[in-house]
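Asker: Letter by letter, the chains look like this.
Protein chains: 2
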Amino acid sequence: MAEEVKLLKSWSSRFGLRVVWALKLKGVEYDSIDEDLSNKNPLLLQSNPVHKKVPVLLHNGKSISESMVILEYVDETWKQKYPLLPEDPYERARARFWAKFGDDKVLPSMKSLFGKQGKEQEEAIGEVGENLKFLEEELKGKKFFGGEKIGLLDLALGWVANLVPVLEEVIGVKVIDKQKFPLLSAWMQEFTEIPIIKESLPPYDKLLTKFRVMLEPYVAAAQPA
Amino acid sequence: MAEEVKLLKSWSSRFGLRVVWALKLKGVEYDSIDEDLSNKNPLLLQSNPVHKKVPVLLHNGKSISESMVILEYVDETWKQKYPLLPEDPYERARARFWAKFGDDKVLPSMKSLFGKQGKEQEEAIGEVGENLKFLEEELKGKKFFGGEKIGLLDLALGWVANLVPVLEEVIGVKVIDKQKFPLLSAWMQEFTEIPIIKESLPPYDKLLTKFRVMLEPYVAAAQPA
Numbered sequence: 475m476a477e478e479v480k481l482l483k484s485w486s487s488r489f490g491l492r493v494v495w496a497l498k499l500k501g502v503e504y505d506s507i508d509e510d511l512s513n514k515n516p517l518l519l520q521s522n523p524v525h526k527k528v529p530v531l532l533h534n535g536k537s538i539s540e541s542m543v544i545l546e547y548v549d550e551t552w553k554q555k556y557p558l559l560p561e562d563p564y565e566r567a568r569a570r571f572w573a574k575f576g577d578d579k580v581l582p583s584m585k586s587l588f589g590k591q592g593k594e595q596e597e598a599i600g601e602v603g604e605n606l607k608f609l610e611e612e613l614k615g616k617k618f619f620g621g622e623k624i625g626l627l628d629l630a631l632g633w634v635a636n637l638v639p640v641l642e643e644v645i646g647v648k649v650i651d652k653q654k655f656p657l658l659s660a661w662m663q664e665f666t667e668i669p670i671i672k673e674s675l676p677p678y679d680k681l682l683t684k685f686r687v688m689l690e691p692y693v694a695a696a697q698p699a
Numbered sequence: 475m476a477e478e479v480k481l482l483k484s485w486s487s488r489f490g491l492r493v494v495w496a497l498k499l500k501g502v503e504y505d506s507i508d509e510d511l512s513n514k515n516p517l518l519l520q521s522n523p524v525h526k527k528v529p530v531l532l533h534n535g536k537s538i539s540e541s542m543v544i545l546e547y548v549d550e551t552w553k554q555k556y557p558l559l560p561e562d563p564y565e566r567a568r569a570r571f572w573a574k575f576g577d578d579k580v581l582p583s584m585k586s587l588f589g590k591q592g593k594e595q596e597e598a599i600g601e602v603g604e605n606l607k608f609l610e611e612e613l614k615g616k617k618f619f620g621g622e623k624i625g626l627l628d629l630a631l632g633w634v635a636n637l638v639p640v641l642e643e644v645i646g647v648k649v650i651d652k653q654k655f656p657l658l659s660a661w662m663q664e665f666t667e668i669p670i671i672k673e674s675l676p677p678y679d680k681l682l683t684k685f686r687v688m689l690e691p692y693v694a695a696a697q698p699a
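Chain order of the listed sequences is A and B. Here my numbering is used: the first residue of the first sequence is 475, the next is one more, and so on. Here my numbering is used: the first residue of the second sequence is 475, the next is one more, and so on.
It is worth saying that the hints were derived from the structure and are not from the lab. Don't take every hint at face value.
Put simply, identical chains are the same to the list, so a pair is met inside one copy or across any two.
[What the hints assert, rightly or not] Calculated pairs, PhoX-like style, for lysine-lysine (alpha carbon to alpha carbon, straight line, at most 20 Å):
| id | residue 1 | residue 2 |
| --- | --- | --- |
| 1 | Lys555 | Lys574 |
| 2 | Lys553 | Lys526 |
| 3 | Lys585 | Lys680 |
| 4 | Lys593 | Lys536 |
| 5 | Lys593 | Lys500 |
| 6 | Lys648 | Lys617 |
| 7 | Lys652 | Lys614 |
| 8 | Lys614 | Lys555 |
| 9 | Lys617 | Lys527 |
| 10 | Lys574 | Lys553 |
| 11 | Lys590 | Lys498 |
| 12 | Lys574 | Lys527 |
| 13 | Lys574 | Lys680 |
| 14 | Lys536 | Lys526 |
| 15 | Lys526 | Lys500 |
| 16 | Lys555 | Lys652 |
| 17 | Lys579 | Lys480 |
| 18 | Lys614 | Lys593 |
| 19 | Lys616 | Lys684 |
| 20 | Lys680 | Lys579 |
| 21 | Lys500 | Lys623 |
| 22 | Lys500 | Lys616 |
| 23 | Lys526 | Lys607 |
| 24 | Lys555 | Lys593 |
| 25 | Lys498 | Lys614 |
| 26 | Lys553 | Lys672 |
| 27 | Lys574 | Lys514 |
| 28 | Lys648 | Lys593 |
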């Protein structure tokens, strides 16, 4: 039976991109369905009735949600090619731990930068920096989080390489400074230059427009009435 | 070399218990160190510098944090005995998905019951019920979430069986009703009757005292000044 692999995502979904990258690294052929999140289609609602969110992977009629759960599924289903996780249980645990740290700590701290000014912004950037220090440390002696090649943790943190430059341009402040985070800065560059990653990144200008629109309510709130 | 396995936890940690159960099911000998969370010891701070939280598993000098990451590590390290996850990638993904749902949705909705009264409480219980419906559905045709035997998802949701009765007594409202959630109610009973689970549950009275103390600030806030 021919395999049926479909990915429900949106054009800019940072979590959807993780799955795109995983499938491409594995060489899995799939159909991509870009969802309009303001008008969710019945297939999405039926495939992920719990969260009603992308990404959802449909594989021979079965649906899997939550991007990190999907990555593990992809790794376990298409085992032969390009393992995303290493063999060693401790190294696997490390990758899972930092991936969770990225979602639970780094991402919310970055989001909190939106619409902050002056001293408040400085404090928020300080908090982001505290989180980034751990990632910088994790890169010591390695080119990628996965070592010589990208792995699950690189895909999980891929949004940093993809979106932080956009965030920096929109808020007008450097968040990942080359002097302060040399390894992370180098990683961002190396990661986004990998052909399979580069070819699936959403257009920079379109992301910039999206982030500017997201920032509007904060800017409006800061104006005198 | 003899294996060195240490578990840093606290007496009532719902996440620590997951690891206790996993190690016991696997028949792994370990030393348990109960942390005083108001006065964290250097071993904890050094083993989990990121979150400074229990549980932490120390295995031959390596430290692993985050209870769900630890469960996967335990399952991959001591493979021979009592698999916590099934073989099939899709079934594995399901277990991981619902475990995450338990932590991200069910647990916060339960926590939000604290200190709510009247209409507010009714609404909060409604929300908990919406989440529990999914778990009830997941138990259809099965004795445990893992099927005939308990597995990773049963351990992940074990706090429901352990703590909901305490919560119900403290707030004076039934949250998991036998009529409404017959499968979940039966699971709570079956799960806590498994000897390995039962013998490691914290004393009910001590938990009751703890929950009453946790409720005090809300009760005080509700009193006229």
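Asker: Determine for every hint whether it applies to the structure shown.
Answerer: Okay, the hints, checked on the actual structure:
Taking the shortest Cα distances, Lys555 and Lys574 never come within 20 Å of each other, neither inside one copy (24 Å) nor across copies (27 Å). For the identical chains of this complex, Lys553 and Lys526 are neighbours neither inside a copy (29 Å) nor across copies (35 Å), given an alpha-carbon limit of 20 Å. Taking the closest pair of Cα atoms, Lys585 and Lys680 come within 20 Å of each other only inside a single copy of the chain (19 Å); across copies the shortest separation is 40 Å, beyond that limit. When the C-alpha separation of Lys593 and Lys536 is checked against a cutoff of 20 Å, the pair qualifies neither within a copy, at 49 Å, nor between copies, at 40 Å.
In this homomeric assembly, Lys593 and Lys500 never come within 20 Å of each other (Cα to Cα): the closest approach is 46 Å inside a single copy and 52 Å across copies. Proximity of Lys648 to Lys617 under the C-alpha cut-off of 20 Å is found in neither arrangement, the shortest distances being 23 Å within a copy and 54 Å between copies. Taking CA atoms no more than 20 Å apart as the test, Lys652 paired with Lys614 passes inside one copy only; the shortest distance there is 15 Å, against 54 Å between copies. Proximity of Lys614 to Lys555 under the C-alpha cut-off of 20 Å is found in neither arrangement, the shortest distances being 27 Å within a copy and 36 Å between copies.
In this homomeric assembly, Lys617 and Lys527 never come within 20 Å of each other (Cα to Cα): the closest approach is 33 Å inside a single copy and 30 Å across copies. Taking CA atoms no more than 20 Å apart as the test, Lys574 paired with Lys553 passes in neither setting, with 23 Å inside one copy and 24 Å between copies. Neither within a single protomer nor between protomers do Lys590 and Lys498 lie at most 20 Å apart by alpha-carbon distance, with minima of 37 Å and 49 Å respectively. Proximity of Lys574 to Lys527 under the C-alpha cut-off of 20 Å is found in both arrangements, the shortest distances being 19 Å within a copy and 15 Å between copies.
With identical chains, the CA atoms of Lys574 and Lys680 are never at most 20 Å apart, being 28 Å at best within one copy and 32 Å at best between copies. Taking CA atoms no more than 20 Å apart as the test, Lys536 paired with Lys526 passes inside one copy only; the shortest distance there is 16 Å, against 39 Å between copies. Proximity of Lys526 and Lys500 under a CA criterion of 20 Å is satisfied in neither setting, with 27 Å inside one chain copy and 36 Å between copies. Proximity of Lys555 and Lys652 under a CA criterion of 20 Å is satisfied in neither setting, with 34 Å inside one chain copy and 48 Å between copies.
Within a single copy, Lys579 and Lys480 get their C-alpha atoms no closer than 30 Å, and across copies no closer than 27 Å, so neither meets the 20 Å cut-off. For the homomeric pair Lys614 and Lys593, neither the shortest alpha-carbon distance inside one copy (31 Å) nor that between copies (54 Å) is at most 20 Å. For the homomeric pair Lys616 and Lys684, neither the shortest alpha-carbon distance inside one copy (33 Å) nor that between copies (46 Å) is at most 20 Å. When the C-alpha separation of Lys680 and Lys579 is checked against a cutoff of 20 Å, the pair qualifies neither within a copy, at 26 Å, nor between copies, at 32 Å.
With identical chains, the CA atoms of Lys500 and Lys623 are at most 20 Å apart within one copy only, with a shortest distance of 13 Å there and 34 Å across copies. In this assembly of identical chains, Lys500 and Lys616 lie within 20 Å of each other by CA distance neither inside one copy nor across copies; the values are 22 Å within and 34 Å between. Taking identical chains as interchangeable, the C-alpha atoms of Lys526 and Lys607 lie at most 20 Å apart only when they sit on different chains, with a minimum of 16 Å there against 34 Å within one chain. In this assembly of identical chains, the alpha carbons of Lys555 and Lys593 never lie at most 20 Å apart, being 49 Å within a copy and 55 Å across copies at closest.
Taking the shortest alpha-carbon separations for Lys498 and Lys614, neither the intra-copy value of 27 Å nor the inter-copy value of 36 Å comes in at or below 20 Å. Taking the closest pair of Cα atoms, Lys553 and Lys672 never come within 20 Å of each other, the shortest separation being 24 Å inside a single copy and 38 Å across copies. In the homo-oligomer, the alpha carbons of Lys574 and Lys514 never lie at most 20 Å apart, since the shortest distance is 27 Å inside one protomer and 23 Å across protomers. When the C-alpha separation of Lys648 and Lys593 is checked against a cutoff of 20 Å, the pair qualifies only within one copy, where the shortest distance is 15 Å, while the shortest distance between copies is 47 Å.
Violation of the numbered hints given earlier is confined to hints 1, 2, 4, 5, 6, 8, 9, 10, 11, 13, 15, 16, 17, 18, 19, 20, 22, 24, 25, 26 and 27; the remaining hints are satisfied by the structure.
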